[in-house]
Every structure is written in C-alpha cells, then in structure tokens.
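Single-letter residue listing:
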Amino acid sequence: MNPKALVRDPFSVIVTGVGGQGNVLASRLLGDMLAAKGYFVTIGETFGASQRGGSVMSHIRISSKSAWSPQIPRGKADVIVSLEPVEAVRVLREYGNPGVVLLSNTRPIYPVGVIRGELEYPSLDALREAVARILPGARFIDGTEQAIALGNAILTNIVMLGALNRLAVLPFEREDFRQAVGRRVASKQVPVNLMAFDKGYGLAG
Amino acid sequence: MNHFGSGELETAVIQSELCIGCGACVRLCPYFDSYRGKTALLFPCAVEKGRCFAYCPKIEVDLDAITRFLHGKPYDGNPLGHHRGIFIARAGEKVRKQSFQAGGTVTALMVYAFRSGNIRGAVLTNRKGLLPEPRFVTRSADVYRASLSKYTAAPTLSALNEALDKGHGNLGVVGTPCQVTAVSQMRMNPMDKPGFKDPTALVVGLFCTWALDFRRFETFLAGEVPLEKIVKIDIPPPPAQVLEVYLEDGKREFPLDRIRPLVPDTCGYCPDMTAEFADVSVGVLEGRGDRNTLIVRTERGERIAREAEEKGFLVLEEMPRENLEHLQWAAGNKKKRGFLRSREAGKVNGEPGKTLFRLAPECLDGVFQDR
Amino acid sequence: MSFLIDEGRNIQHLLMGNEAIVRGALEAGVNVAAGYPGTPSSEIIETLSKVARDRNLYVEWSTNEKVAVEVAAAASFAGLRSLCVMKQNGVNVASDFLLHLASSGTRGGMVLVTCDDPGALSSVNEGESRLFAQILEIPLLEPGDFQEAKDIIPWAFALSEKIRNVVMVRSVTRLSHGSGNVRFGSLPGTSAQAEFVCHGPLLDPETGPIISMILAAPELQHGPQQEKLKKAAGIFETCPFNTYQGPDEPELLIVTASICSLYSREAVRILGLEDRVGILKLAATWPLPERLVKKHLAAAKRILFVEEVVPTLEDHVKVIAAEAAGEIGAKTFYGKKSGHLPSVGELNPDLVLDALARIFPAAAGTRPAASPGGVTDIPQRFTPARGMTFCPGCPHRASYWSIHNALALDGRGGFVCGDIGCYVMGTLPAGFSTVKTLHCMGSGSGVASGFGKLRSFGMDQPVVAVCGDSTFFHAAMPALANAIHQRSPFTMILLDNRGTAMTGFQPHPGSPTNVLGDEAPALDMEKICRSMGAKVEISDPFDLVKTREKLNRLLEYGEGAKVLILRQACALSPEKRGQRKYEVSVDAERCRGENCGCSRLCTRIFGCPGLVWDREKEVSRIDEMICAGCGVCADICPAGAIVRKEVAR
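Chains as they are written, first to last, in my numbering: chain A, 1 to 205; chain B, 206 to 576; chain C, 577 to 1225.
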C-alpha cells in the first residue's frame, strides 16, 4: 500500500494532557488509523508516572518512508492536540512553531501546586490570548462538556479526535476511526465512542 | 498585643520546651493535637495571627491587660494576686462524701454551680490509667469522677475548645494556673470576634507549685510499681515531703527529691502559684489534709462561693494569720523564682513573639524587693 | 484472540516495543516466561500471559527477579526455550543467580530481556544493565527500532543455543513504551517436550548435571564460559542487526546503539549532514565485533558516541582503537567524556543536534530556531508545573496522613524508611514528606531493622518502615525475619493495596489469582507476620482515627518488630476503578477557608486532586470529574463542611 505523500515527512503530532485523561488511547487510535493506511508510524510515550497527576505527552511521527525517533525535536511539531489547556501551552512552548495546528480542550485540571496554593492557574481568556498572539488560528473547544453530556468525562479524548478529523490535517476518516476503535475498546462501547467522535467533529465546525 | 501564628508558637514554645501541654491550642483547628501529655503541631498553618498564639499561657502573656480585663486595674505583683477574701474551706453536707482529695472544695463548688444553674457545662480533667483525660461534662454527677488530683500536666483546655466549637456557653472550668491564664486570654476575645460573649461562668483555679511531665512520670512509676494497680496519687501538704502512690494492695512513698526531676523545665518560669486569674482558687491547707485554702477573687466567684455556703455545699472558716503569712511567703517565692528565671532568659518584656510575660517594669522591681 | 498470534507472515501491525519483543519470542517458539513487574518491562509478561493458552506457554509473575531467572533457567535446563524479563533494577536482584547461571551454562535457548530506564522516567535511578553483561561474561544485544525489537529475539535464542549460555537483550523506555510498525514472521508449532537430562558424567555439558561450582579449578568452567563469549564475538561480526548508513569515508563516524540510533539519524538529517556523517548502529554491543568496529574506525578520523547512561560503547570502542592505533591511526573522540553529550539523563534528537552542531559549526545554521515564532516568549505563568501526587482516592495519601500525624504526636523524632512503589511519593509533600530513607525493593525494612538496634547508642527515635504487598514478598520478608530475630524494635507498615499497583495490578503471592487469572493460593501476610513472631495489627487506612491510634500504640510498644497492615485497594484497581463509594460535596456556608481554625487544610495540606480551592469565593469545592469518592477528606475537615453521601447501588 502506497500512502499519500504528506505535507511534511515526517509529520509530527503531539497528543498531550494529564495522566488519566486517555492520552495513550487517543495516540494509539491515531497511530492505528495511519498505520492501516500504510504509513510508518512511530509513537513515543511515557507512562508509569502518568497516572499520578503529571503532564503526559505522546509523540506521533508519521512518514511514508521510514521509522523516526519517538521523540520530536524542539519546535518541530506539526499538530498539537491537547486534552487540557495549560498542557497545550506547555507543549506549544517546547515543540510549537507559527505553523503548528493547535487544538485544545478548555477544561482545566488543576496541578497539585495550584490546589495547594503555591501556584496560580491562569485564566482561560488570558491563556487563549497569549496563544493567539502566536497562533491566531488555535482552536479551543469544550470537549469535556460534550463528553460529560454523553455520560463520561473520559470520552474527552475521543471528542478531541473527532474535532481533529474536522480540521482535516491528518489523512483519516470517520470510517478509519470506527475500525480502529473497534479493535481497542469493548464492542458495546463502540457506539458511544462514535457519538463522541461525531460531537467533536461538530464542535470544530 | 503582639500576636503571631502557629509557626512562631511552635518555635518559641514547643521547640523551646516551654509548652506545658495545657491544651489551649488543641481543638481550635486541625493543626495542634495532644498525645500523652505533649502538644504537637502536625502541619504548618498559614494564618499569621492565630488564636493558638493568643491563648497560649507561655508566650506574650500581658499580665497588665489580663488584670485590667478581670479587675479593672493593673497587675501589682501581689504574691496571691487580686483577691476579695481567703478562707479555710471544705465540702458541706450536700456534697456526696466520696473519694475527693483534701477538703473537696472544688467538687463542692462545681456541684453547686451545676445544681444552681450557674453553669451548664464544665471542663474538667479525668484520669484514664495514669493519663489525665480532658472531659466536658453537663451533669453534676459527672463532676465526682474528676475529683481526684492528677499532678501531671494535662491538655484540659482542648475540651473547652471542643465545647465552644459546639456552641456551649455558661461553662465552669477547673484548671491549673497556666490553664487559667489561657482561659483568661480566651475570655478577652483577643481576635476581636464580633458578637463574642464570655463563655465561662465560673473559673476555678488550682494551686500549683509544679506539675509532672506525664511521660517522664509514667516511665518513672513503671520502673517502681505495677501501673495498672494504682488507685490514687497524693502529695500531702508540707511538712511531708513525699509523693504517695496508693495501690490496690498498699501504698508506696517516694521522696519529692526523686520526683522533682520529672517536673518539666517550663514550670520554673511560672510566677503564679495560686491561679491568680481565676474567679476562685483552691489549694491544700498546710498541716490539714482534710481542709482546703480558698481564695475568692472576683465578684461572680464570691457570689457563687457565698451561695454554696448558704445552701450547705461549702463550709467556710476564717483563715488564721500564720497560715496566711505562710501562703504569701510560698506564693511570693514562686513568683520571684519564676520572674527571675524568665528575666534571665530575656523573656520578660523582651522581643515580640518570644517573650513570656509583659508587665510594668516597676511592678517587676517590686516583686524582687521583699515587701 | 490477540493479533499478536496472527499466523500471517509479512503482515504489519503497529506494535509497542514490548509487544514486538513478545511477538519475537512467540516466533522463536518460547515455552516458558517469567518476570517481576517493573516499568518499562511489565507489558512483556502481561502480553505473553494473554496468549499463553493459545500458544501452550507457561507464564508467571515470579516473587522477585532472582526467582524469575531461576524458573526460566529450569526450563532451559529441561531443553525448552525460556524468556526472563525485568527492569534494570531487577537485574541487580537477579545478578547472584545469573553469575552462577553464566558459569553453569544453559541448554534450551534462554534470553534475559532487561528494560532500562534512562532518565529514570519511572524508576528511582538510572541503573544500567549493560554492565552486567560484562560482569556475567554473557553476550548483549540491543535492538535499535521496533522491527528489530521483534527480529532480534529469535536471533538471540538461536545464539543462546549455539553458545549454550544465557543471552541478554536490552531495551529502553522509549523503545519498550514507544510504538512502531512491525512486519511479522511466521509462528512455529506449539508442541514441546521437557526433560532434564542430568544423569551423565559430571562435566558432560549434554547429559551431566548443571552445576556452578569451580572448586579451585577455574579452567573447568570459567575457561569454557569465556570460550562461549569468544564464539559469540565471532558470530557478532556478521550480526544482521549491526548496520552502517553513510558515506564510505565519513568526516565523522557516529557509533550508537538502541533507540539512540533514531535520534542520531534525525539529527544528521536536520543538519543536512547525510553525506558527511556515517552512523554505525551496533546491535551486538558486548562483546563488540572487533573486526567490524575496526573497519569503520579506519574510515573516519573523528568518532562521536551516542549512547545513554554509562559510556560503555565509548569505553569498549576506545580500547579497540587503542589496540589498533598503529594500523588505523589516531582518532579524535566525542561523547560523554568530551562533554559533547550529557552524562546523565536520557538523550533525544536535540541533544545529538547540539553535539553535532559543536562538531560542525558551519552546519549549525540549518538548525531550527530556538524559539520559532517566539513560542518560548509565552510567559511561564501559563504553564504552572504539575507536581507528582497520589491519585484521587489513593489509600497511600490517607496512610501517610496517619503515619505523619502519629509520628508528630509521638514527638520523639520518629521517621519512615521508604520502599519501592507508588508510595515512594512519601518523600514528597504528596505524602507529607514522611519518608526519610529510600533505596531499593525491601530495603526500607532492612534499614529500619538496623536503625532499631541503635538504641544502645542513645537513639530513641521510633523507626517505621513502609512496604507494599508485592514488595513484602519480593524482598522485605528477609528483613522482617532479621528484625524479629534480632529483637529490633521497628514498626513495619504494610501498605496492602491488593496488587502490584504501580505497574498495573500484577498478581503476587498474596493474590488470589495468578497471571492467567486462574485461582491461586493466596499467602496470608497477616498470618505470615504473626507466625514469624511479629505483633500484628490491621487497619483500614481510610479510618484515620483508628489507624493513627493503632500506630501510636505500636510505636509505644517497646520490644521487637511490629507490623501494621493498612488494607485498602488501590483507587485504580479493577475492583474500584470508576466506582465511587461516596458523593462528596462542600457546604460553602460551613467552609472556614483560610480563616483561623482551618487555613485550607484540605487543599493546602491534604492536597487531593479532587479538591479545588475557589479563589474568588474563598471556599473549597470538589472537582467532580476528578473526585474518586473515597470520602476521606470529609474526615479531615475541621468544620464538617465536606459532606459525603453514600452512593446508592
């Protein structure tokens, strides 16, 4: 299978969030969809500490030619999908550039330092403004609200994948998602995941 | 007034081994707690001026301010504190004759105060094994259980804080001089809480030359007697110089010279033998194991004592002059020693937040001159 | 059925490195696999267990790594192929037996997979397992990408059988936990017959006993062992996983291995140095294939070593270069020792870029801007740091709360000796900074046993050790036995959260099921401790008052070792996940907030992520998305403002 040429090769995507938000599943689904299309996909991720309130990040490299480093060099991300707004900025500062496509959820998860009162969590408006200065086209959507409406905040990751699909920066379709999710989750969970995907697609319109 | 928070309290009192474990800072908040006679700060609190500091009897005790609050005049250094009368006292026939110590005057006053409706609750100290246990009671019958002397420092005031937290008022409190000092500082509403009302109706002070450190005392006794067989502990009035431990099957006596090392260092700074900031103070009567000395200090103390006498709960007699003189001599000695020690440590009118006492310098001079 | 036992040759799947290793083992026809959980290695045994029935495998989570190697060795002795898996720290535990095994040799192919964690992303240290290959005198292989992670395993089994010794394969976190495309090979049949042939002559490697005992005649065993290593070195000269990419006479030769080869490739490409820099990616890294290395050294004057943790490639290649200096000429070396690459932490493409840019200053201009479009100008206040903490509903937070308070109330300066598990966070504010020593598995109790004996030197501080349920069986039991026998007065707190929680709930000898989910005899820790002679108490850590009281009593109780079992399942355990016991809410009217009498105890000190401090309203509230519903915060609230209501089932 010869995959379509990419705008950049390797094409680098970062899925970020906080441990427990379903970051790994989102990156695996993306990887599965793209590998099924014949791309070389390399995913770099860490877990272990990830369930313990820390920032988590999956680096996804997509290439029509070869496997790439599971760590993206600084400033080299093409797409950033974030399940949490502060994490979007954290990744943007390290891996972003003016050409990056940024899609972030708006629901904050407070770091323990903020809960303790040692640190301050920024206001969402100020955060969006700071990001917009570099990326006027950055998208912030309330994915968690949609997920909760579907019955479980954990579906936020899938809502974000649906929204990513709408932005049309990666070569995958709803049908690819349906097949991929069918391999990763229990079959009775597939319909609600598809609903979440569609909600996300709608949000990013 | 110099007010600080829990951090300064921990440094200046707990870590400096000035803490007697009175319990004034316990149950105000989740940060201080007491275990086996010792008070500990569990976590740092971020409040800059706390009640813990304001109530503590071992830091920034403004003797003038307290005396003005209670009696409308400055602290004058009188060895027995401000008083309206001094009597020989014992429980009257209305009080159940049971195992109270000495004359039973404290029990008599508290039972009467309950029965007459002067108080609706009382903060006392029970004993669980050797361990003193703070108790909040609401019935006169419960007073009897607390009627034995403890001799060890106790976090009694934690029970007061707990009762106040639950909204109780019109309380009777029985405590040692340091505890009574803490209570008087609570009554002054140091944090200027709006709508504050003095929650106490009768504060009974206990004479005290020193208390024993519970942990040291327990370790000492554990090496001498079977702890579980202890029934009662007594220090009979002078000239006896012993601590008596009554066991189920007999009695052991320990010379006070062996007991004194078990006294915490902080007692050496204390200038108050007779609980000067109480409504009434009660202690032993020299040479008479079945009578007490009663010092009546405030208007409400006098009223309740007189009523108790009229209703047959209390029997009062004149205090002979020689007894009075000796009491003054003993109390004056403790006052001199305490202030001297405190002054040597720089803890009289010293650095804000590290000073034990504040009082007029000329009054302090007066204490040191024999009057 | 798992796609990992897909028969189809040449089909491709996106596999995690650890899954690739599993597929490799299956293609090699592995029969027995054993290991002890540890990030980043755990998925290997776990994944194998899922196909164990289909592939006629015996798979186990062993009590510890040493036992795991012993179990795997038995299979090899009986002629089967066996795999043994652990993280780098586990090799330390297994090393005693491994040294003897390397001496006695093996029969059926035996591969030891170690997963190192450069950067200590999920470890207490950056331990290095490659050095063990040298000490043990066994061959070492390091796959460089996901395909190789699969392909190298059957090759390693074949090597093991050729030299009749155990072969070590080392992965790292970024490979084990990364994912990439892997093209499958074919699977062999599943029939296997085990027999330990051992009644032949003492020194007969085919039929004799398998023993590791030299008795003043090292030539009988140590000699043959070294011959095996020499043979491996010979085979390594043509190892298909050693590759070279670049010009025939590069201006710079990068010598690298493992995942670092991908970082090197990316950095070379970004700087446009493909025609000037060659990359020698070695998979056979001990003993080095000397002829191959020498050939590449001869072609370049400058050498850059790109490897993580201890510079072992660097050291070994330099030895070859020194020995061949007359033949190949003097070289200039760059690497950790020259300071071109950091000596600690994991590497990444940027660090290799930095090194290359120093060596090729003119090429540095093609580096991406340090802050493209000013992204790093976004003020840091928009990215408050995320400190590590216990999960919402974690029993450890409650346990440490009580331990901390009991020690503070006790007032004798008591402290906690820590151990390995999520509860290492007892060293942090998450665990109220209660833990004061922390080392390896089981060492908390051993160190505590030692502290307990210092009373005769005037040390009267109470000594407490914490230990997880899996850790108890792994390495803490000998420490407890020691403490009991020596009458060391310490208090062991068993944080029994019902499984090897940190690595993903693997069963241990105290679990009622084994790795396959079959019923298994569960060893009773309480009975074990009692029968060993310890005074034992049990408490539910969510009952803060009772737990604190019990612990204080144990601390007072003078003689001998005491055990307090704090039993409450991990909040992420299968039995609890997604189940809230309580609906928790805050009564804003009663919340004392920052005032005297509270000072935000729940958010400022207790610090559960399920609690949030509302700065505007100056009250605490519950983040319902995060709260796990354990209800413990209701018990710490001094004002009764945190209210919990049991969830109806």
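A couple of the hints might just be wrong.
[As the list claims (entries may be wrong)] Restricting the straight-line Cα-Cα distance to at most 20 Å, the calculated cross-link-like pairs of lysine to any residue (SDA-like) are:
id, chain 1, residue 1, chain 2, residue 2
1, B, Lys333, C, Val1121
2, C, Lys1152, A, Arg183
3, A, Lys65, C, Gly848
4, C, Lys1157, A, Arg183
5, B, Lys333, C, Gly848
6, B, Lys371, B, Thr414
7, C, Lys626, A, Asn152
8, C, Lys1152, A, Gly22
No wet-lab data here; the hints were simulated from the structure.
Hint check results:
no. : hint                 : verdict
1   : Lys333/B x Val1121/C : 19 Å, holds
2   : Lys1152/C x Arg183/A : 25 Å, violated
3   : Lys65/A x Gly848/C   : 17 Å, holds
4   : Lys1157/C x Arg183/A : 32 Å, violated
5   : Lys333/B x Gly848/C  : 82 Å, violated
6   : Lys371/B x Thr414/B  : 33 Å, violated
7   : Lys626/C x Asn152/A  : 28 Å, violated
8   : Lys1152/C x Gly22/A  : 18 Å, holds
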